[in-house]
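*Asks:* Letter by letter, the chains look like this.
Number of protein chains: 2
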Amino acid sequence: MALAKVYVNYKKSILNPEAEAVHKALKRLGYSDVEDVKLGKYFELTVADGKTKAELDAEINEICDKLLANYNMENYHYEIVETEAAQ
Amino acid sequence: MALAKVYVNYKKSILNPEAEAVHKALKRLGYSDVEDVKLGKYFELTVADGKTKAELDAEINEICDKLLANYNMENYHYEIVETEAAQ
Chain A
1 MALAKVYVNY KKSILNPEAE AVHKALKRLG YSDVEDVKLG KYFELTVADG
51 KTKAELDAEI NEICDKLLAN YNMENYHYEI VETEAAQ
Chain B
1 MALAKVYVNY KKSILNPEAE AVHKALKRLG YSDVEDVKLG KYFELTVADG
51 KTKAELDAEI NEICDKLLAN YNMENYHYEI VETEAAQ
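Quick note, the sequences are listed as chains A and B, same order.
Residue numbers are given in this note's numbering: position 60 of the first sequence equals residue 60, and the series is strictly consecutive.
Residue numbers are given in this note's numbering: position 74 of the second sequence equals residue 74, and the series is strictly consecutive.
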């Protein structure tokens, strides 16, 4: 089996009020050395065996484009890790 | 500067309807080989220099406990990466 770890973050030009709120809360709590906070989504997709690395790569890319990330506002990157039953 | 990458995920016993919805959507789109979907949050905290590794570690742990994760429902793990101006 393969595990795809997908990270989806807002583009730099997009305001992220939730990350802002966390940053302000940290300042209020006294963590003034935290200079920046980014907040995104983290997906873990477990994919069945039977695909080559290239096919898997293409599939994850397609899934990100179609469903997981909004390409107008978000960037994504991912890594694919083989788990126990590696092919 | 240091970059703390924090991953916050729901515990296994907690239902995550958003991850369920993504999983169902993937099935509908024909990606039937995706067997499981997990969805969590991904934080990147940029922290100023001036702390030892142990102090930084303690600070990030504290921040996760106090603010980023809800220990009743969520697990977290993190990694700390030194960026350009490494001490």
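Don't read these hints as lab results, they were simulated from the structure.
Possibly wrong hints are sitting among the right ones.
Pairs count within a copy or across copies, as identical chains cannot be separated in the list.
[Stated by the list, open to error] Here are the simulated EDC-like cross-link-like pairs (lysine to aspartate or glutamate), alpha carbons at most 16 Å apart as the crow flies:
{"hint": "1", "residue 1": "38", "residue 2": "55"}
{"hint": "2", "residue 1": "41", "residue 2": "18"}
{"hint": "3", "residue 1": "53", "residue 2": "33"}
{"hint": "4", "residue 1": "51", "residue 2": "33"}
{"hint": "5", "residue 1": "24", "residue 2": "44"}
{"hint": "6", "residue 1": "11", "residue 2": "36"}
{"hint": "7", "residue 1": "51", "residue 2": "35"}
{"hint": "8", "residue 1": "5", "residue 2": "35"}
{"hint": "9", "residue 1": "12", "residue 2": "62"}
{"hint": "10", "residue 1": "11", "residue 2": "35"}
{"hint": "11", "residue 1": "5", "residue 2": "36"}
{"hint": "12", "residue 1": "11", "residue 2": "44"}
{"hint": "13", "residue 1": "41", "residue 2": "59"}
{"hint": "14", "residue 1": "41", "residue 2": "74"}
*Asks:* To test your reading of the hints: which numbers does this structure violate?
*Replies:* The structure breaks hints 1, 9, 10, 13; every other hint is satisfied.
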